[in-house]
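Q: The chain contents come next:
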Amino acid sequence: MCDTIINIVNIVGKEVVRTVVGLIGVFIVVIGNAIMLTWAERKVAGHMQRRIGPKEVGPFGLIQSFADSVKLLGKELLTPANVERPLYFLAPTLIFVPVLVTFVVIPFDGFLQVKDINVGILVILAFSSLTVLSILIAGWGSNNKYSLIGAVRSVAQNIAYEIPLLLSLLPIIFMANSFSLRDVVEAQKGLWFVFYQPVAFLIFFVASVAETNRTPFDLPEAESELVAGFHTEYSGMRFSLFFLAEYTNMFIVSAIAVTFFLGGYQGPILPGVVWFFMKTYVLVFVLLWFRWTFPRVRFDQLLNFSWKILIPVSFLNLLVTGGILKL
Amino acid sequence: MRVVADIIKGAYSLIVGMGVTIRAFFSPVVTCQYPRETINISPRFRSHTKLVGDPENPDRTKCIVCGMCERNCPSNSIKKIEGEKKEGEKKKTATSYILDFTTCSQCGICVESCPVDALAFSSDYNPVGFRREDFHYDLVKEYEKRKKTA
Amino acid sequence: MILAAKTIEEFRSEFKSVDISEVPYDKQGYHLAIEAQTGNLLNIVEFLDRREFYIVDLFCVDYQDYLELVYFFNTHRELCRVKVTLKLDPEKPVAPTISHIYTIARWYEREAHEFFGIYFEGHPGLTYLFLHSGIDHYPLRRKHVPVPDNDRQLLDSFKPQEEEDCFFVNLGPQHPSTHGVLRVVLKMDGEYIVSAEPVLGYLHRMHEKMAESKSYLQFLPNPARMDYPGALLFNLAHVETVEKLCGIAVPERAKYIRTITCELNRIASHLLWLGAFPADLGGLTPFMYAFDDRENILDILEGVTGSRLTYCYFRFGGLYNDIDEESFVSATKRFIERMRERLVMYDKLITGNVIFINRIKNVGIMEQAKVRKYGSSGPFIRSTGIPFDMRKVDPYEAYGSIDFEIPTGHTGDNMDRYLVRMKEMEISLNIIEEAMKKLPSGPFQTEKVPKKLKPPKGDIYHAIESTRGETGVYIVSDESDTPYRMRWRVPSYSNLMTFPYLAQGLLIADAIATLGSYDIVVPEIDR
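Residue numbers (our numbering), protein chains in the order written: chain A, -10 to 316; chain B, 1469 to 1618; chain C, 166 to 692.
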């Protein structure tokens, strides 16, 4: 048995096997994370509102999300009349591509990383911009005014917030001298970067809330204004793909924040992967906490906040960092 | 400078708000996990009406089949009040009293208008049924059932 | 009173030939009655407009021989209700429109048109407001009067046409933040609203017609179905009007209990709004907190009235039953204590929140001068700085012997409306506390209330301050045991109709915040 596996590995090459196994692992993490997070969100929401949340299916309602996903899978795929069919079908699938790719470069541990690309952060930023494309397609293809408004909002919002997102990561890259995520983590062996770059961390975190379309920046969905925003017309499995993508995105931005600012998988005693997930879920909890505390900002305020505050401040931060490093 | 002060003040207000929710997060829940737990129903709770038994003769209700409640009901929910005069009794005894609970709004006008106080509200807070007819209660029969279980 | 005397004097000098008479206020609920003619109606309305009267209500009564249009006016400075009537020929009822003087008349006249078939000359669009083309006769006419074909075309002529660079969005009737089934047709340019037009009637149940076929007593459960969050207050409006009409006295104890329960209900209603308003802005947690508090009030009220939402507790001449003093007082005291702490918590969670402040400050500004034209009332106008509250202006029940202040705002924006309501809850707590201290013992019901009420011939208007503003009932009695005509003047109606004005040029997100700040209850508007 063992021999055959080694043989296969030798024939197809170590890298390929690592990629395939890694992708399967990533897939499991994505699905598991989304199911965990839906449960967690409902539970957190429940307790923050002083009620209990799901509790009937499984212990503490843990299996609730499974039951929900089975229900969503079993639902008829409704296609409303007059939708732009190719686009309408494409959008939910497309939203999943960037989500999977970004996982490839995230180092969960010293060893647990599908592939360490030397421009890892660029891969993440490039692919995460694709999410907005699928949201636009979804909104446009749905042939619904609410969806369209949601999609247009999403585009403006994502363009505005990609810039501070990138600008807040640049000082870290200066300090680590590398685009590779593993190098960034290794550079934090002593002190985490969040202590050197608290401003950058804050900017990154705020921008990433906007990138993931979470409250207080959930304008593309804005259920009190736009019914359900860009996914108004989606139901069943297609809807659940958007849902899955949203929760995976939450995980990704938290994971990047952990990698860049909170020392990644580094930590005493416990294995690195445990540290990594612990830190990530603490940040995810903060995202949930935001959602269940704050109202939504208005569209112009959202853009003003990015262009007038976040971007100038992050430029300033970048300049100061550059200056200090040069000296 | 004012911008910076505003931002700090705003950020502080957000943190205060988050303090409220996190405190709630660690506080006990306030909901009641019905049907696993139930809360006490207040004695005044108004469910459907019921006929009150005659303290002198538990075989009959106080109802004297005068029809006042039927006439006063705003939604015509009370139907078919019938009765017969039994031997040895001065007043009529109700044999049928249909309350259509689907249209009843528990206003209490029937209870008030009854000249002999034969009506009262029951505290049956979870009546269920599969058909409309399940809520056409015959209060006389309901009284007899109550009498048996009591 | 002084104003009424002054108005009558000025009126007589200006209109020599028009009948104006002083009316006993405590009998009929208004001070002056003016009988206008088609020719001079506009002059009379302009006369009142110049004296800063606001329009309370506009409706029609069918006396079979003639149709009577009734206009009610009042001022915010002093109670001076003026009833202007205009008799119309039932065969061909035509009246001049006053919608260019009082904007709200645009909707009142549409209502009168579809229910009575009255044409208003010069009205910009007499289209369906409540009804639909399936209704083939005028519902509130006493005789069967079919809707003529050309009238039907007129009624059915609301068909918004798309223009270049604009598109229409139907906000509702199924939308998460229309609080029931309100439909607003928004004409939008991108995310900006060009114009908004409310379309009503999705919850229309014709309570006014129902009243005509029920005795005064049998109508008791109905008002609670109009304004479900503030059911007791609507019950009070009905009960008080009939009491006034029949001259039934109410014992002191009942008055105090009515005051206390009504104020509790007011807080419950405000709490419902407090939950829904941040939810309109995207913050969902305050909703649950508010409902938690509201549940406490419902428990208390259930212990008194037996129901949790659609109460039917007040009776002519008193109450259905007395309170269980010990448990009620202790529960209410506990609630007041708890609520005061919770208000501090709400301040931290909502009022202070920078996102919340930025969202609602200086949005949806209602100018003080405009309010009069719409006849709005309640917290909505108090937020513009007019301290007009029926509880203070015309104290009913125990409000006369309780000292309380009226919170007002300055700018009349969403923030002010929010703050006024928050303050009102606090003041309601004080009122309850004081009323409980003064609660007298004695009977809770007058002895001699006839089983069948047959009020004397005549009409009466009586208004109370419900959660959303001035709630008035106008009853015409013909000495039978059912009202000849019952008209409900509901506050949400005139408040909501300012929405087209406020929403113009707003972002859709702000428009929804504004709509949320009205605290509208759609079943109340539709009746």
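Simulated from the structure, these hints should not be mistaken for laboratory data. Small disclaimer: the values here were computed from a predicted structure and weren't measured. Be aware that one or more of the hints could be misleading.
Stated by the list, open to error - Just the calculated beta-carbon pair ranges, DEER-fashion:
#1 Ile298/A / His575/C: 51 to 61 Å
#2 Val263/A / Glu570/C: 38 to 48 Å
#3 Pro311/C / Leu62/A: 33 to 43 Å
#4 Pro1503/B / Ser495/C: 28 to 38 Å
#5 His575/C / Leu62/A: 48 to 58 Å
#6 Gly1478/B / Ile313/A: 47 to 57 Å
#7 Asn1508/B / Glu200/C: 52 to 62 Å
#8 Lys1616/B / Lys622/C: 47 to 57 Å
#9 Pro325/C / Gly312/A: 52 to 62 Å
#10 Thr611/C / Gly1478/B: 28 to 38 Å
#11 Trp278/A / Val1472/B: 21 to 31 Å
#12 His575/C / Leu314/A: 24 to 34 Å
Note that beta-carbon positions come from the ideal geometry of N, C-alpha and C, so glycine has one too.
Q: Does each hint fit the structure? Answer for all of them.
A: Hints versus structure:
Under the hint 51 to 61 Å, the C-beta atoms of Ile298/A and His575/C, about 29 Å apart, miss the expected range. The hinted window of 38 to 48 Å between Val263/A and Glu570/C is violated, with their beta carbons roughly 60 Å apart. Range check, Pro311/C to Leu62/A: about 56 Å between beta-carbon atoms, so the 33 to 43 Å window is missed. Distance hint check: the CB atoms of Pro1503/B and Ser495/C are about 29 Å apart, consistent with the given range 28 to 38 Å.
Against the hinted window of 48 to 58 Å, the Cβ-Cβ separation of His575/C and Leu62/A comes to about 56 Å, which satisfies the hint. For the pair Gly1478/B and Ile313/A, the supplied restraint of 47 to 57 Å is violated, since their beta-carbon distance comes to about 28 Å. Our hint of 52 to 62 Å for Asn1508/B and Glu200/C holds, since their Cβ atoms are close to 59 Å apart. Hint check: Lys1616/B to Lys622/C, Cβ distance near 55 Å, so the stated range 47 to 57 Å holds.
Taking the beta carbon of each, Pro325/C and Gly312/A are about 59 Å apart, inside 52 to 62 Å as hinted. Look at Thr611/C against Gly1478/B: about 58 Å separates their beta carbons, and that is not inside 28 to 38 Å. Separation of Trp278/A from Val1472/B is about 25 Å and conforms to the stated range, judged on CB atoms against 21 to 31 Å. Taken as a hint, the range 24 to 34 Å is violated for the pair His575/C and Leu314/A, whose Cβ atoms sit roughly 52 Å apart.
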